[in-house]
Amino acid sequence: MLEISARNARGWTRIGPRAIYGQALTALASADPNIFALSADLGRSSGLDRFSKEYPDQFLNVGIAEQNMVGCAAGLARMGYHVFASTFAPFASMRASEQVRMNMGYMREPVKLVALGSGLSMNYLGNSHFGLEDVAVMRTVPGLTIIAPADCAEIQKTLEACVGYDKPVYIRLTGVPNSPVVYTEDYVFEIGKAVRLTPLREVMLISSGTTVGHCLGAVELLAQAGIEAGVLNMHTIKPLDTDALADIAAKARAIFVIEEHTTVGGLGSAILDHYNDAGLSCPPVFRHGIPDRFVETGDYTFMLKQNRLDAEGIAEVVKERLGRIGADR
Amino acid sequence: MEIIRTANLSFSASCLETRRLIIETAFKCGQATHIGGSLSMVELLTTLYSEVLAHRPHEPEWADRDIFILSKGHSFLGHLAVLQQQGYFSAEKLGTYLTNGSDFIAHPVKKPALGVESSNGSLGQGLSFGMGMALGMRRRRQDRRVYVMMGDGECNEGSVWESAATACELALGNLTAIVDENGLRNDGPNTTYAGRVVLANVWRAFGWNVVEVDGHDHEAILAAFHEARGKTEVPTAIVAHTVKGKGVPFMENNNDWHHNRITANVFEECVKALGSEKTIASGETHA
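Taken in order, these protein sequences are the chains called X and S. Number 26 in the working numbering belongs to position 20 of the first sequence; there are no gaps in the numbering. Number 189 in the working numbering belongs to position 11 of the second sequence; there are no gaps in the numbering.
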């Protein structure tokens with residue numbers, strides 16, 4: 007049983023999202039012989055070393071062959087296995103995107119495709135390894151659930167929830183070791199149900215993945231400047247929690263969608279699509295993410311700062327935008 | 179044409195009926211269909227479904243069944259004709275082919291209750307899926323097998339070779355690829371494998387047990403399937419040399435019939451061509 011506490015959360019974030027993934031999956035496999043882990047030669051990069059040694063009959067490294075991995079995962083899922091297939095985000099979502107579409111979309115095989123190192127978290131490896139478009143691509147696959155856990159506790163919650171979830175899921179892991187902790191006590195995680203991390207406020211930040219932690223940091227900075235802002239963790243990017251969005255539309259004065267992803271087709275686009283299509287009257291919705299270009303590469307902290315996706319940057323963006331609304335009025 | 183159920187027919191008569199059913203269904207739907215590649219695999223599929231595959235048409239989701247994947251999904255019409263003759267569904271149901279809302283469109287859409295185990299159409303994907311199932315069967319210690327039908331044109335897809343390599347590495351003796359090598363792809367000859375690169379050799383190079391057969395020779399096909407079953411530690415590729423459009427002389431090796439519409443006049447010609455078993459036996463194989 008997962009025990010979320012401040013102490014455990016500190017320990018988990020030191021291990022980091024990728025290693026927590028492997029560790030959590032190994033723990034789940036100890037109770038479930040139907041769990042099957044596939045890797046496209048990134049087992050060591052995702053904490054699956056121990057899994058492969060302890061459960062060799064439930065593990066396969068298909069080699070550097072992501073398309074093959076997704077197809078094979080679908081076949082294993084058809085055989086009743088709970089399949090978790092992992093590789094870096096661009097290879098999962100783009101190299102193999104048509105396999106995802108056919109096998110997980112068209113055939114609805116309930117594979118859990120785990121995108122490691124998404125967003126900017128691959129550091130100096132550069133844009134070839136960044137996952138800045140994966141949500142946009144995966145969103146177009148009908149019936150595919152997309153989840154981006156906010157911290158290491160939520161990664162574990164996500165995996166637990168996915169084992170018994172009979173639908174295909176794209177799980178997007180962002181962040182690095184020591185990314186901000188969001189949860190220090192237990193909470194209810196339900197696929198498709200956003201988590202409000204603060205009371206509903208006039209300025210609401212909606213985010214997913216490890217950016218949520220930076221949004222919480224931004225809220226503290228904004229409070230110091232006299233701006234009361236709140237945070238909604240939209241961990242499930244598809245399907246969106248439309249009830250939570252309706253609540254925010256009804257009460258907020260400004261909505262910011264913060265994402266470690268291109269603003270083209272990401273969470274911000276999804277939310278705008280929803281508000282528009284549902285005909286909801288809502289306050290201004292500002293999207294803040296990676297601009298439509300390849301980013302200048304550096305370490306993770308540098309890139310978050312460059313793109314104003316750390317707490318300070320997010321707070322600045324919110325202040326600037328709010329100032330502009332004020333000026334317009 | 180009157181379609182006869184094949185249960186009590188000789189092999190050649192059964193194949194003839196399948197071809198008639200393909201032609202008639204293509205004609206009745208009034209639209210262009212993938213005829214050439216449907217006709218080239220008739221003997222392969224008839225042998226498989228009649229004598230090799232463990233399956234129960236009246237209990238299509240029988241837990242112990244073998245699995246057939248039509249990776250060359252565009253030839254679904256040929257597969258449907260065989261499934262109908264095997265008793266998976268009625269002639270009336272087949273008659274819904276290419277009608278609005280039908281289960282049966284140009285490419286397979288997964289529906290195990292009708293004998294269709296996977297969705298295909300995007301070439302080069304069936305082998306990975308079949309490999310996953312074969313691996314699952316082995317890990318679950320099930321005595322079941324997976325057969326994946328592919329085209330030689332399909333083998334242009336790089337994803338085929340990703341799965342071919344892994345299937346060999348995994349020593350999946352319960353996986354058999356059937357390559358319907360009719361030598362023609364959409365635009366004409368499959369020149370990729372018509373020169374220095376020999377398709378059967380590529381499969382050999384990937385470590386597969388390769389059996390080359392005349393894909394219209396019943397005995398040879400059956401022997402190949404038996405050999406595949408005997409190879410427990412290596413997957414087998416049955417590279418079948420076939421004639422695209424086989425059985426209708428003016429369609430044979432004529433790529434106008436890769437995807438085309440059968441008009442009333444053409445249908446009459448087909449009926450005449452398919453009139454006797456002698457006609458069927460006349461074609462030269464691609465090999």
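The hints are simulated quantities; they were obtained by calculation from the structure and are not laboratory data. Fair warning: there could be bad hints in the mix.
[Claimed, not checked] Cut-off 30 Å, straight-line C-alpha distance, at most; resulting in silico cross-link-like pairs (BS3-like, lysine-lysine):
| no. | chain 1 | residue 1 | chain 2 | residue 2 |
| --- | --- | --- | --- | --- |
| 1 | S | 271 | S | 450 |
| 2 | X | 244 | S | 288 |
| 3 | X | 311 | X | 244 |
| 4 | X | 244 | S | 409 |
| 5 | S | 409 | S | 206 |
| 6 | S | 288 | S | 206 |
| 7 | X | 173 | X | 244 |
| 8 | X | 244 | X | 199 |
| 9 | X | 311 | X | 325 |
| 10 | X | 199 | X | 325 |
| 11 | S | 289 | X | 173 |
| 12 | X | 59 | S | 409 |
| 13 | S | 288 | X | 173 |
| 14 | X | 244 | X | 257 |
| 15 | S | 289 | S | 271 |
A quick look at each hint next to the structure:
Among the hinted pairs, residue 271 (chain S) with residue 450 (chain S) is consistent with the structure: their alpha-carbon atoms are about 26 Å apart, no more than 30 Å. Restraint check for residue 244 (chain X) and residue 288 (chain S): the C-alpha separation of about 24 Å stays at or below 30 Å, so the hint holds. At most 30 Å may separate the alpha-carbon atoms for a hinted pair to count; residue 311 (chain X) and residue 244 (chain X) meet this at roughly 27 Å. Restraint check for residue 244 (chain X) and residue 409 (chain S): not satisfied, since their Cα atoms lie roughly 45 Å apart, outside the 30 Å limit.
Taking the CA atoms of residue 409 (chain S) and residue 206 (chain S), the gap is about 43 Å. The hint is violated against a cut of 30 Å. Straight-line distance between C-alpha atoms of residue 288 (chain S) and residue 206 (chain S) comes to about 24 Å, which keeps the hinted pair within the 30 Å bound. Restraint check for residue 173 (chain X) and residue 244 (chain X): satisfied, since their Cα atoms lie roughly 12 Å apart, inside the 30 Å limit. A hinted pair counts as satisfied when its Cα atoms are at most 30 Å apart, and residue 244 (chain X) with residue 199 (chain X) qualifies at roughly 10 Å.
A threshold of 30 Å between alpha carbons decides the hint, and for residue 311 (chain X) with residue 325 (chain X) the separation of about 16 Å falls inside it, so the pair holds. Between residue 199 (chain X) and residue 325 (chain X) the CA atoms are separated by roughly 28 Å; this keeps the pair inside 30 Å, and the hint holds. Using a Cα cut-off of 30 Å, the hinted pair residue 289 (chain S) and residue 173 (chain X) holds, with the two alpha carbons roughly 17 Å apart. Restraint check for residue 59 (chain X) and residue 409 (chain S): satisfied, since their Cα atoms lie roughly 29 Å apart, inside the 30 Å limit.
For the hint linking residue 288 (chain S) to residue 173 (chain X), the alpha-carbon distance of about 16 Å falls within 30 Å, and the restraint holds. Only pairs whose Cα atoms come within 30 Å are accepted, and residue 244 (chain X) paired with residue 257 (chain X) is accepted, the gap being roughly 23 Å. Under the criterion of a C-alpha separation no larger than 30 Å, the hint pairing residue 289 (chain S) with residue 271 (chain S) is consistent with the structure, at around 14 Å.
Hint compliance for this structure: hints 4 and 5 are not met, and every other hint is.
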